[in-house]
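Chemist: Read off the chains here:
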Amino acid sequence: MGSDMGLIVKTMARATIPLIGIFGAYVISHGHLTPGGGFQGGATIAGAGILFLIAFGINEAKEKINKSLYSALEGLGGLVFLAAGMLGLGVAFFYNTLWHNGPIFNGEPGTLLSAGYLPIMNLAVGLKVYTGLVSAVFAMALFRRWRK
Amino acid sequence: MTLPFLVILPLFGAFSMPIVSLLGKKLKEYWAVIISGATFAVAAKIFYTVWKTNEIILYTLGSDNPIGRGVNFPIRIVWEVDLFGALLALTITFVGFLAIIYSLGYMKHDTGLEKYYTLVLVLELGMLGIVVTGDIFNFYVFLEIMSIASYALVAFRNDTWEGIEAGIKYMFVGSLASSFILLGIALLYGQYGTLTMSYLAIKIAENPTLVAKVALAFLIGGLLFKSGAVPVHMWLADAHPAAPSSISAMLSGLVIKAGGVYAIARIIFSIFNPGLHTYLRTFNAPAINMDVIGWVIVFFACLTLLVGNAMAVVQTDMKRLFAFSSVGQIGYIMLGIGIGVLAYGTRAGELALAGAIYHIVNHALIKALLFLVAGVVIHEVGTKNLNELSGLAKRMPLTTFFFIIGAAAIIGLPPLNGFASKWIIYESSAMYNPILAAIAVVGTVFSLAAYTKVLFTFLGKESERVRDAKEPEKSMLLPMLILVVAIIVMGLLPWQISDKIMIPAAKMLEQLNGEYILALLKFIGGA
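First to last, the protein sequences are chains A and B.
If you read the first sequence in our numbering, its first letter stands for residue 2, the second for the next number, and so on.
If you read the second sequence in our numbering, its first letter stands for residue 135, the second for the next number, and so on.
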């Protein structure tokens, strides 16, 4: 099955997909400073992935989306989150040792590197949400056709 | 501190499964076995610690102290593990470990196994989280983790119509029940402004409003759903037969206990403590009448054990029969909890609670064994229709022996473990109200009839279908053997186990002196 979308849609998708991706990355990386965070940003980037899937069609997506890679990246996102939670296990599970003791993540509050493990966790959640949502939508798009 | 590893290990196993499954074909199965075995070891260590010290473990996430700086109320998520929770954690990890070993052989012919093992570990994680947590929203999150993993596992064989049908039914009604629970939690939070269970208990005792009663009704309603009590048991009778047998063993042995009866007991005894409210009433202070809750639970318990066991008699599908029998056994556990509320602070109430806790553990072991046996029959013969099966004993002597042990244990024959727990429940209900004991005995009569019927499919004349049947491979026999040994050993030491483990667990759950609250209060006092 090819794409049913016309030239205008494809060209607009070429223009907007990077913008959506950058905006999603912004929401994720500023999760501890501005509204939004890992889930919202991850879902935004997944929106870019879905736009790609719809505008360019399933065959194009099949070449670009590697199932095992996305599945492994989703696991990696979870593992990074868990590792960030375990960093302060000497005191307690989820103890924010990066904020209390550093090294880099204990800057002035309000700056990018200021919230201990939170930016790391936001990145991990964002990766997990993006890969998870894209894999789920892609799997549904690939599902057996209506009649066959 | 080993407690966080109870959640870290299965979480690590589940997250690393997609990466591990890329490395090798068989590796993911061994990885699941290793992870669940390690979790079992952690749970055993925690159980031993709690049992030895006889004190509630209070663990704070994110800091060493649950109390916020400059305020005198808890602001962090706390995990509170008493002996009841630790005992359930031990049971969950034990049965989960055996179910995963069993899956090595049983799930060999299915595809998508890395998803299967991820989901099983997530299911175990959700149940472990429920039994350790002391925070009511954390409880809800773990309840949803458990529920969603079990929806997916019930519908795991999505090329069969019954898997999809049962999965959809379970998911719709289960989500509705979960939303009731969330509504109850939202009401409590709106009224009292805290989510920590033990602090909520203090706040409710200070000011027991109508909102607290409505919230309790929503929570109990949702949790009765999750435990498969009678008016809302229909999802269970569909979900258990449709799931793969290793999952049925976990669903029936663990999910309806951890997410259902354990949570009911925890909410009643830790948040709405009957003793606390009776004490308030003696001073004519406003309080919640916990006898009403006790009678509501006893009413549903009687209905559950009669209808569940009676419906088991008329089934022709082996796993559906076991599923209805699970509904019936939930009735006994709830009867114990209900009498524990009604006869709070007396010998009968304590015995009833001990019996309920004992029966939770026993039924988890027995029903896991029975579902694994049913899985072997389906795997080797290809049908679970009792009318087509007969005379399996000659071709599968070991499996038949395992089934006979399991059936005898669930009916409650003396040398096996089901006897002691049922006896304690009969005894305590007779002490409280003989009519309840009579209802409980009628339920057992139905149960006896149902299992005798299954017994005839194993004995008797050999039918066409079973000619080529043979014993399954070792990885399927070993978990059943371990369960049988556990059932027999526990059956040989019933009163020792009852005195050493179940009565102390009931005492810690009952918390006559408010120990669950005091475990938190000692941080507030600064002592």
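Just so you know, not all the hints are guaranteed correct.
[What the hints assert, rightly or not] Result set (SDA-like, lysine to any residue): computed pairs, CA atoms no more than 25 Å apart in a straight line:
hint, chain 1, residue 1, chain 2, residue 2
1, B, 249, A, 73
2, A, 11, A, 60
3, B, 179, A, 92
4, A, 68, B, 158
5, B, 303, A, 138
What the hints contain is simulated information worked out from the structure, not anything from laboratory work.
Chemist: Hint by hint, where does the structure go against what was stated? Just the numbers, ascending.
Modeler: none
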